[in-house]
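Counting with the UniProt record's numbering, you get residues 1 to 1187 for the letters of the sequence shown.
Read the hints as simulated data drawn from the structure, not as lab findings.
Treat the hints with caution; some may be incorrect.
Stated by the list, open to error - List time: in silico SDA-like cross-link candidates among lysine to any residue, alpha-carbon distance up to 25 angstroms:
1) Lys405 <-> Asn322
2) Lys97 <-> Leu186
3) Lys1117 <-> Ala905
4) Lys897 <-> Thr858
5) Lys1117 <-> Leu969
6) Lys634 <-> Val747
7) Lys897 <-> Ala918
8) Lys459 <-> Pro632
9) Lys993 <-> Arg1053
10) Lys726 <-> Arg588
11) Lys726 <-> Lys459
12) Lys405 <-> Pro316
13) Lys988 <-> Arg588
14) Lys634 <-> Ser561
15) Lys265 <-> Thr275
16) Lys726 <-> Ser639
17) Lys459 <-> Pro539
18) Lys459 <-> Ser325
19) Lys265 <-> Pro317
20) Lys459 <-> Pro317
21) Lys993 <-> His749
22) Lys988 <-> Gln1025
23) Lys350 <-> Ala270
24) Lys405 <-> His252
25) Lys350 <-> Gly297
26) Lys897 <-> Val914
27) Lys248 <-> Lys265
28) Lys248 <-> Glu258
29) Lys350 <-> Ala388
30) Lys634 <-> Arg588
31) Lys459 <-> His227
32) Lys988 <-> Glu1023
33) Lys726 <-> Gln692
34) Lys265 <-> Leu186
35) Lys405 <-> Val631
36) Lys634 <-> Ala614
37) Lys350 <-> Thr337
38) Lys405 <-> Thr275
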Amino acid sequence: VSSCGSVAEQLCDFVCHCRGCSDENQCGYMQGSAALGTPFTCDFEEGDCGWQDVSTSAYRWVRGHSSLDEWGMGPHSDHTVGTNLGWFMTTTSPPSKTTATAWLRSPVMHRAAATCEIRAWYHLSGSGLNQTEGPVLRLAMAHGDEVVGLWQSPECGGEGWHQLVAYPGRITGQFQLLFSLTQLPLRGAELALDDITFRNCGLQEPRQQVCGPEEGHCAQGSCLAQHRFCDGTDDCGDGSDENTAQCKNFTHCSFEQELCSWQSKTGEVAWERNTSLGLGTMYGVPGRDHSTNSPAGFFLHVAGTSTSGVAQLRSPPFQASNSCSLVLYSHLHGSATSSLSISLVYNSTKHLVQERTGDSGNCWVRNRVVFNTTESFEVLIEGVAGSAGTVAIDDLILSPGCVQKQERFPSETPSTQLPSQAGAGACATGQVACDSGDCISAELACDFAETCADGSDEKRCGETTFEEGAGGWHDVSVGRLRWGVQRVSNSTTNTSAVLTGSLPQSLWVFLCPEAFLDLQAGEGQMVSPAKARTPLLGPSGPACAMELNYHIQSSPQGFLSVSILDHSTGTTHLAWHVQGQGRTARGRVHVPLGERTRPFQVELAGLVDLQDSASAGVDSVEFVQCHTNTVPAKATELSCNFERDMCGWYQDQSSDFKWVYGTGQGQGSDHTTGSGYFLAADPSAPWSRGQQAQIITYYQQPTATPHCLTFWYRLAGPQIGTLSLKLQLEGAEEMLLWTQRGSQGSVWHQGQATLPATGQRRYRVAFEALRDGFLGDMALDDLALTAGSCGTRPSCSFEADTCGLAASGQSTWLRQSNGTGTAAGPPADHTTGTATGHYMVVSTGRGSLPSGHVATLTSQPYQSSMPTQCLAFWYQLSAGTPGSLGVFMEQSGLRRKLMDVSTMAGTAWHRGHVTIHAAGEWQVIFEAVGAGSSQGYIALDDLLLSDGPCPEAASCDFELDMCGWSSPLDPRLCSFAWGWKSAVPLAKYPGPKQDHTLGTRNGHYVHFDTRVLGLGGTSARLESQHLPAAADACLRFWYHMDIPEHLACGELRVMLHGTAGQRTVWSVAGHQGQGWQAAVVPVQTSSEFQIIFEITTRRWPMEGAVALDDITYSARKGCHSRWEVPVEEKPSGSFVAEVVLGLLLAIVILALVAAGGWYCLKQRGLVSGMPVERTAPQGFDNITFRD
């Protein structure tokens, strides 16, 4: 820390005293985060910001980042940059035998303002989350001799990044923060912590200001609203607004010495006086009082119990007044249904003045009410604690205008009810009252279906025009902004629950606005956005959405947003937001809520500067198609080309990773028209932090016959994951119908799957994008559902079923995975490269398949689409003597052997391919023959039938597919996948503008964008199939490395990988000029091997695309034969025209020269009249290039 002459008390005090703010570094925060653009933030990208592990066991905090080879273990990305390259603090492996706590301590900080707010993001994962006593993350503050609890994680939080918000309150002197996580034995939870930010924590610098008529001066010169003097909060920062002399006429009850003149009604539910030390550390309980900011300070509280009821606190009677005000601090935490109300009681009637409902967080919130009445009155404070929640109050401060009458309390409190609780007393716990007085289960309220005979259970659930009040929305703000209903009269004046005055012209944006919800000045002490929430909602259907009119006039710092609080998963999801634009913005917005279980809430948040004439509001809120039994008109439209909308498909809203409806966003065109709409899932999109993205249908009517769903898909990018199609029968588990993993290139592929008959059960279908990383995209288009089975599939991965292949013989071919690691077969499949992937296998041990015995696997009939087709597949034979695998084609009862293999080097999957010459129907038969060994197996995976003959092994022009070239799926190699695309420009995937084979933009090649590699340590590999030993072979290929010279710190290599190891046989570094370049590489190896192209970085990253095309592998001819190698890029159509024009011009010049020479010779008499034999050609061949 650079002090630049500052005294120690000015270091780490959230105020920049030095040039460059060097006194605010390594303080548990840095002066700012470059990645986030926020001040006083620690994002852990450059270090630990001074945070120190102070654990007393091996269970500790360390700085780390995600690892792709441990995908699914802990967070798959940090929170700052959203990838595995970002850093965070995390706990080490938890203890196995004893309870242990990991402690993380900040540096010493100095002074914090009353408005201080600490925000951080945490990620809990692992098996420990499913235990009865899950791990709890706690944030505490060490101040003086005390440790004060500021925040703790909820008990039911799910996996994913969650935000914590803590309010330390006004702190004098120095303090430190402590994060802790306690693990019980064998619980196995992992924690990550990121992006710790301190907001509004610095005290105001002394300065002289000119104050307004309703403001007063602080001792240090700044101005403060008069109603914030003597309110129990040190707003000035120097204590001058709360000094004893100035506040001597205020009546202050801190509950440190009993209840003062207030009286609590006794009963089963009553206000109780206690301390945080006395209540313990249960979730929802205040960690300290407000008066002393100490766990030893007293307050009143009521906790949620099995007994329903209202706790009541009454004031003494006061004289009629128009200047009596009450400030109190409330703490509502742990339940969304807790409430606190303040009412006036006069003439034995209760009049509600203010009500707060819901969970305000672990925070003491300032509340202020003004009583204006011509009758003597009492103040009644009522608290209702929801299940597992706590309601607490502290620091009741009455202004000098509250003059107490010299009367005693009546013997009983008037038996009146809160307006929102009318009739509740007649209902049992767990029930709510209809307006008619009937009782229904609380679970049936706000479930988007009317249960009460009068429909009142759905009247105050958030759907409203605000003409009759808030419509169920309740303000949960803790700061100086709040949401309130603004009413408009015909005289262009307005009234609201909080403010009166003229209506800003900018708010005349709604159609005939009688009332709307807008941002108003609040009474809280924090500086934070205003928030309003609905009651608990749900369940909801897939098409559920909320529509509302909105208006905002603000600078870019202002915003409006809609979020969804899902209490079953403990997550908060941002569903919609709009920022201020410096001008008025308005409209009606459709916010998808999606299918959700109960309970969830919708939260409306907003932030504007009211002093800068900014404003924001909403009106005409409506929930559409939300009931689970509501079936939209398009719900049965599973066939869809997405040109108009999403038909009967709906976005799963439970994750931040989503399918996006659009026209490409730089990923390529659609499949239908080349310029239309499709669905895309992009894991690299900002805030796409979820693990999976799903589109789903509504439940369809039962079907007695199978149907075929065909679709077109794209899987592209160096780190893309898995695309799956799933079927779910009502009341049953999901069933996998089709899946594909890894990059398949930036081209459209057709997929198909048979939806089986469902009998009497309804069903629904879902496409699921499951991410493996952060780079790539998936796309869907042109879905078509037709009657009948799909028939023989051109490709089969065996992930969903056997694709119609039928087994016969003494030993049976089985479809299996090796998830347990004990099955007889390969440890991992070829499709996914994991133990959970599926393949076909037959046991060839003599106990299962004796020597000479046969087990066959026969396909359904294929229909020839071309005279010649290529069938490719992957196979694996166990070590030893596993027997043999034969491949036969059968047509019209005649069999022809196409391939036979009985030995295989190593244990990797090998690629086989056979060329099929057939007309009409034919079948393929895989035949395993036993060899009499004690054990063994033969396995098959990933069948693919394509048009045209099979290319030579490891040779490919990439026009139809990648010919068996692939990138390894094993994340432990820290490798990225190569892509396959045409030369049509894509913003997301740069590459050459022409391929080499055709010389046009329609030609294809493989490519890799080197920008994703970053610094050294990562690579991108392209591997051939396994090839037999070669004594004199030759590899020829064309490569393209048009990379700027100053960014060319990388290398393209050709390596040979075999059982003896790996060696580099060719390499080229960095910038290689423009155009396609040729390479010839001799290949000599004594054992089976693979050819590997690898791009790797050096010390600095490089930036640009590397591409390969026209790879030719000659196994026997060597590199001795001549290969014509043009040095320039293959001509394009425009270049052809230039060549032709140049040739014509040359001919004209030659003709003129010849004519001139003939004339000169004739003049000299050298030309005779004898005929001369013509040896020159009569013309030239005009070579036509394909474009």
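Hint check:
no. : hint               : verdict
1   : Lys405 <-> Asn322  : holds, 15 angstroms
2   : Lys97 <-> Leu186   : holds, 7 angstroms
3   : Lys1117 <-> Ala905 : holds, 24 angstroms
4   : Lys897 <-> Thr858  : holds, 14 angstroms
5   : Lys1117 <-> Leu969 : violated, 33 angstroms
6   : Lys634 <-> Val747  : violated, 29 angstroms
7   : Lys897 <-> Ala918  : holds, 14 angstroms
8   : Lys459 <-> Pro632  : holds, 23 angstroms
9   : Lys993 <-> Arg1053 : holds, 23 angstroms
10  : Lys726 <-> Arg588  : violated, 35 angstroms
11  : Lys726 <-> Lys459  : violated, 38 angstroms
12  : Lys405 <-> Pro316  : holds, 8 angstroms
13  : Lys988 <-> Arg588  : violated, 32 angstroms
14  : Lys634 <-> Ser561  : violated, 29 angstroms
15  : Lys265 <-> Thr275  : holds, 20 angstroms
16  : Lys726 <-> Ser639  : holds, 16 angstroms
17  : Lys459 <-> Pro539  : holds, 16 angstroms
18  : Lys459 <-> Ser325  : violated, 33 angstroms
19  : Lys265 <-> Pro317  : holds, 16 angstroms
20  : Lys459 <-> Pro317  : violated, 36 angstroms
21  : Lys993 <-> His749  : holds, 22 angstroms
22  : Lys988 <-> Gln1025 : violated, 29 angstroms
23  : Lys350 <-> Ala270  : holds, 19 angstroms
24  : Lys405 <-> His252  : holds, 17 angstroms
25  : Lys350 <-> Gly297  : violated, 32 angstroms
26  : Lys897 <-> Val914  : holds, 10 angstroms
27  : Lys248 <-> Lys265  : violated, 29 angstroms
28  : Lys248 <-> Glu258  : holds, 20 angstroms
29  : Lys350 <-> Ala388  : violated, 28 angstroms
30  : Lys634 <-> Arg588  : holds, 23 angstroms
31  : Lys459 <-> His227  : violated, 36 angstroms
32  : Lys988 <-> Glu1023 : holds, 24 angstroms
33  : Lys726 <-> Gln692  : holds, 13 angstroms
34  : Lys265 <-> Leu186  : violated, 47 angstroms
35  : Lys405 <-> Val631  : violated, 63 angstroms
36  : Lys634 <-> Ala614  : violated, 41 angstroms
37  : Lys350 <-> Thr337  : holds, 22 angstroms
38  : Lys405 <-> Thr275  : violated, 32 angstroms
Taken one by one, the earlier hints fail for this structure at numbers 5, 6, 10, 11, 13, 14, 18, 20, 22, 25, 27, 29, 31, 34, 35, 36, 38, listed in ascending order.
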